[in-house]
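Top line first, the protein sequences correspond to chains W, R and Y.
Each residue of the first sequence is one higher than the one before, counting from 1 in this note's numbering.
Each residue of the second sequence is one higher than the one before, counting from 1001 in this note's numbering.
Each residue of the third sequence is one higher than the one before, counting from 2001 in this note's numbering.
Please keep in mind that the hints were generated in silico from the structure rather than gathered at the bench.
Predicted model, so just to flag it, every value in this text is computed and none were measured.
Incorrect hints may have been included.
Each pair of labels, with its calculated beta carbon distance range [unchecked claim]:
#: 1; chain 1: Y; residue 1: Y2186; chain 2: W; residue 2: V247; range: 52 to 58 Å
#: 2; chain 1: R; residue 1: L1059; chain 2: Y; residue 2: G2059; range: 39 to 45 Å
#: 3; chain 1: W; residue 1: A244; chain 2: Y; residue 2: Q2029; range: 48 to 54 Å
#: 4; chain 1: R; residue 1: V1111; chain 2: W; residue 2: K127; range: 37 to 43 Å
#: 5; chain 1: Y; residue 1: Q2029; chain 2: W; residue 2: V247; range: 37 to 43 Å
#: 6; chain 1: R; residue 1: L1059; chain 2: Y; residue 2: A2332; range: 41 to 47 Å
#: 7; chain 1: Y; residue 1: T2082; chain 2: W; residue 2: S174; range: 55 to 61 Å
#: 8; chain 1: W; residue 1: F192; chain 2: R; residue 2: Q1082; range: 52 to 58 Å
#: 9; chain 1: W; residue 1: G47; chain 2: Y; residue 2: P2301; range: 27 to 33 Å
#: 10; chain 1: W; residue 1: A55; chain 2: Y; residue 2: E2328; range: 57 to 63 Å
Glycine included, C-beta positions come from ideal geometry on N, C-alpha and C.
Listed here are the chains, written in short residue letters.
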Amino acid sequence: MIGSSIWARNILAAVGIFGLGFLTIPLVIIVPMSFSSATALTFPPPGLSLRWYDAFFGDGRWMDAMRTSIVLALISSIAALTLGGLAAYGLRRRAVAGASLAEGNFMVPLFVPTIITAVALYLGLAKMGLLGSFLGLVVAHTILNVPICVMVLGVAIREFDPRLEQVAWSLGASWLLTIRRVVLPSLAPSVFAAWIFAFIGSFDEVIVTSFIAGAYETVPKVMFNKLILEVDPTITAVATLLIAFTVLALAIVAVVRAQSDKLKSSVIMQ
Amino acid sequence: MLAGSRSDSLKDSSLGVSPSTVHQAVASPSCGEGALLVTRSSGYHFIVPGFGFLIPLLLLMVVVFDAPIVYMLALAFWDKAQGFTLGYYGDVFEAPVYLRVLANTVRISVVATIVSVIIGYPLAHWIRGLGRRAKMVALALVVLPFWVSVLVRTYAWIVLLGNDGLVNRALQWLGLVQAPVSFLYNELGVTIGMTNVLLPLLVLPLYAAMARVDDRLLQAAASLGAPPSTIFWKVYFPLTLPSLAAGTLLALILCLGFYITPAILGGGRVPMISNVLDTLINVYPNWGQASAISTILLVVTLLIFAIYRRIDQTTSTK
Amino acid sequence: MINRRRLLGMAAVGVPAISILRTRSASAQAKEIRVAEDGGVATKAFQSGFVEPFTKKTGVKVTLESPNPLGKLRAMVEAGQTGTVLYTGLGSVNMLAAKRLGLIDPIDWGAVDPAPMYPEAKKDYGFGHQYFSTVMAWNAVVKAPKSWADFFDAKAFPGKRALVDLPQYSLPFALLATGVPVDKLYPLDVNAAFKKLREFKSHVSVWTATTPQGPQLLRDNEVQYAVCSGSRVVGDPALGMTWDHGRLDVGYACIVKTSKPEDRVAAYKLLHEMSLPENQARYAEIFPVTGPNPDLDQYLPKDKLSTYPASKQNKAVQWLENPQWWNENGEAINKKWQEFKLGL
Chain W
1 MIGSSIWARN ILAAVGIFGL GFLTIPLVII VPMSFSSATA LTFPPPGLSL RWYDAFFGDG
61 RWMDAMRTSI VLALISSIAA LTLGGLAAYG LRRRAVAGAS LAEGNFMVPL FVPTIITAVA
121 LYLGLAKMGL LGSFLGLVVA HTILNVPICV MVLGVAIREF DPRLEQVAWS LGASWLLTIR
181 RVVLPSLAPS VFAAWIFAFI GSFDEVIVTS FIAGAYETVP KVMFNKLILE VDPTITAVAT
241 LLIAFTVLAL AIVAVVRAQS DKLKSSVIMQ
Chain R
1001 MLAGSRSDSL KDSSLGVSPS TVHQAVASPS CGEGALLVTR SSGYHFIVPG FGFLIPLLLL
1061 MVVVFDAPIV YMLALAFWDK AQGFTLGYYG DVFEAPVYLR VLANTVRISV VATIVSVIIG
1121 YPLAHWIRGL GRRAKMVALA LVVLPFWVSV LVRTYAWIVL LGNDGLVNRA LQWLGLVQAP
1181 VSFLYNELGV TIGMTNVLLP LLVLPLYAAM ARVDDRLLQA AASLGAPPST IFWKVYFPLT
1241 LPSLAAGTLL ALILCLGFYI TPAILGGGRV PMISNVLDTL INVYPNWGQA SAISTILLVV
1301 TLLIFAIYRR IDQTTSTK
Chain Y
2001 MINRRRLLGM AAVGVPAISI LRTRSASAQA KEIRVAEDGG VATKAFQSGF VEPFTKKTGV
2061 KVTLESPNPL GKLRAMVEAG QTGTVLYTGL GSVNMLAAKR LGLIDPIDWG AVDPAPMYPE
2121 AKKDYGFGHQ YFSTVMAWNA VVKAPKSWAD FFDAKAFPGK RALVDLPQYS LPFALLATGV
2181 PVDKLYPLDV NAAFKKLREF KSHVSVWTAT TPQGPQLLRD NEVQYAVCSG SRVVGDPALG
2241 MTWDHGRLDV GYACIVKTSK PEDRVAAYKL LHEMSLPENQ ARYAEIFPVT GPNPDLDQYL
2301 PKDKLSTYPA SKQNKAVQWL ENPQWWNENG EAINKKWQEF KLGL
């Protein structure tokens, strides 16, 4: 921050580094455990092996579950983001009659204990004949993640300076164009946060999924089950693969951005 | 109201920053005062088809969720043998064990939320001030734990913090402690586990809000001679407050629903209401009792939410 | 990403009215039935032990759905779902609760025509297909307890304890520790059991919430004695365990109240397969939980008999859970349990 003292900056850095360390230290443990030769979760691993990766890739159920989980999380998070984002945008000044009521309604899936939501969604989807179907799963996960999107985007949109939008309006831009060109770019970090919350909310969900998924398997559903929680290191292998995938994706983004920056600056130089 | 909150709150802060400076700082340089004045006089509300944006979600919610949830919550008033009954609510209030579990859940959730805020706010602020590359790495580190199932992270804490775990071994090797510290199977363990889950949920929206704060605004305040602490508390903090409030509320409410992490890391000493409800739905299927408790929980959270909205409304329209 | 089988399945579920019409008009024999089941390793065992021989004989396909909590069964019946016919893995107390709530129908034992079964597995409303036990276990380095009295004696057997955070899995053991003989265990003297637990609670450092927690705590030497699932600790050289005075319980398969008659015909044939000892042995090979056939031992590998919860030698030294008592008293006890926990 501008002009703040060295002391304040050092304390801030200390807390920041502590926070990052606190967040990542479980991961530092999980990655080596996934290469363990032991059948239980132990650290340090008594020996190294790839058996848990074999277990993951060799088991059709794991692969199936991973595919279902990723597709489900992608579709439902985008649906929740779109519906929730539109709603948050519509709610932003609460000028609409009954807006508070509608907003409260959107938040209810977050406020009701998940197990109750699970039963309610079971009954609701059964009425629509969607029980045990992929569409039913998408609908349920969308509803579950709407509150978080409405909330995160709602705040961001309210913080967003409405005059920017007004300017666009007054210059004759359509609302679609306004949202795309003016509103979204400024909200990008919040949109990203809301999307990742919704994605993970779906990817990690187990209670509702257990009720309504029928024969579909998802990653958490394979991990949790009634008699036995299969805490063998396969789940650490799954986690490690996801971490590796994320790091790779972020690295690619970083490289692409660096390249385009270089390109831009070289153009300017010329 | 239409003028937006920024300029007004700045006027209040007695920094003497003129509204026009702020406009230029916030809005992109290409749009000047004139345009703003024009739109200010035009009927902003009527242009935006507000309700239309709500309809898709509202339809989905009402059909798939609202009707069955009302049915579920109404079960607390219905007994197959006697018809209408208040007996389930009577049970909750007569034998206060469920209310005490609920109170315990709220208490633990508040503690974990406060700890998350204490770490999360400075963390997000620190990340905002980093260079571009470091910022990217830091944000990646915040997002990474998301990919690891809460269950796996919970087991990682067991490995780390157990009596014979890495942290205790390190502490003893360094000679800092004689006997192993009991990090786990108590409220400390629950707080550590819950905070770890909550922190990214708080940091990302907070960071997003902080990133929206325009540096030129802060520079303007500094150039007018405001000391850093004044800039922070009078300009920066108020601008991030809505996101902080929202994130805190979100964290608190998510906490109330936690089950597996507190059950394992608390060593069963920290009863949570989700656990009790799960038993009432799945083991002794007393749905009436479960729905009475859930309704009470829903009312409590809706109240918290209403208070939050009221605060948010007054701060953002001041 | 969604393969064709899934899409077809989706369509079938998505248009229930049409699919019902189709099956009814085609024939009275179901082509495919749905069975709710535990999930995880148990699914693999169920598939290879029961589904494969059944499908080979009848040509009827089986779709397994997991998991199988009681609440889901209730939601299924309240919503009038006709898809799932058999709900397996209901614990003995859950089975009685489902019966009390009218969620399941009696089994037509004539249609099942089972191979011999233990009497506790052959109930009006339930086909007992899995025996599992809860036992005492300890880290191999400490002194081995011989009885529950030893387990609850922190002076003679020093060390931290882990008990299960459910009254059903804790109260009976505490009562046995006070010297109540196994055959006098029920009706359970609740007050005496809670008194014992209150006296002992300072030695309990963890109340476990999940099955793998107990063995993990023992291996990490976080506690020295723990109540564990028998099949999770048997055969581990780092741990000691005994089946003596362990708690044996039965998981039941039940007919869902709202299921279709033609599906039930097929389900009874599946239950018949589940009663055959050779199939139960195949199931136990993958998931070390044994079935209800009294002659099952002959079909299991001799050297592994000591590792199965309900092999003759192990069944003889354990006691069988009393579901009637828990069905009548469980909910009240659960409230007392929460009170007890709040006082920790």
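Structure-based check of all given hints:
no., hint, result
1, Y/Y2186 <-> W/V247: 52 to 58 Å, "holds (57 Å)"
2, R/L1059 <-> Y/G2059: 39 to 45 Å, "holds (44 Å)"
3, W/A244 <-> Y/Q2029: 48 to 54 Å, "holds (50 Å)"
4, R/V1111 <-> W/K127: 37 to 43 Å, "holds (41 Å)"
5, Y/Q2029 <-> W/V247: 37 to 43 Å, "violated (54 Å)"
6, R/L1059 <-> Y/A2332: 41 to 47 Å, "holds (44 Å)"
7, Y/T2082 <-> W/S174: 55 to 61 Å, "violated (49 Å)"
8, W/F192 <-> R/Q1082: 52 to 58 Å, "holds (53 Å)"
9, W/G47 <-> Y/P2301: 27 to 33 Å, "holds (28 Å)"
10, W/A55 <-> Y/E2328: 57 to 63 Å, "violated (44 Å)"
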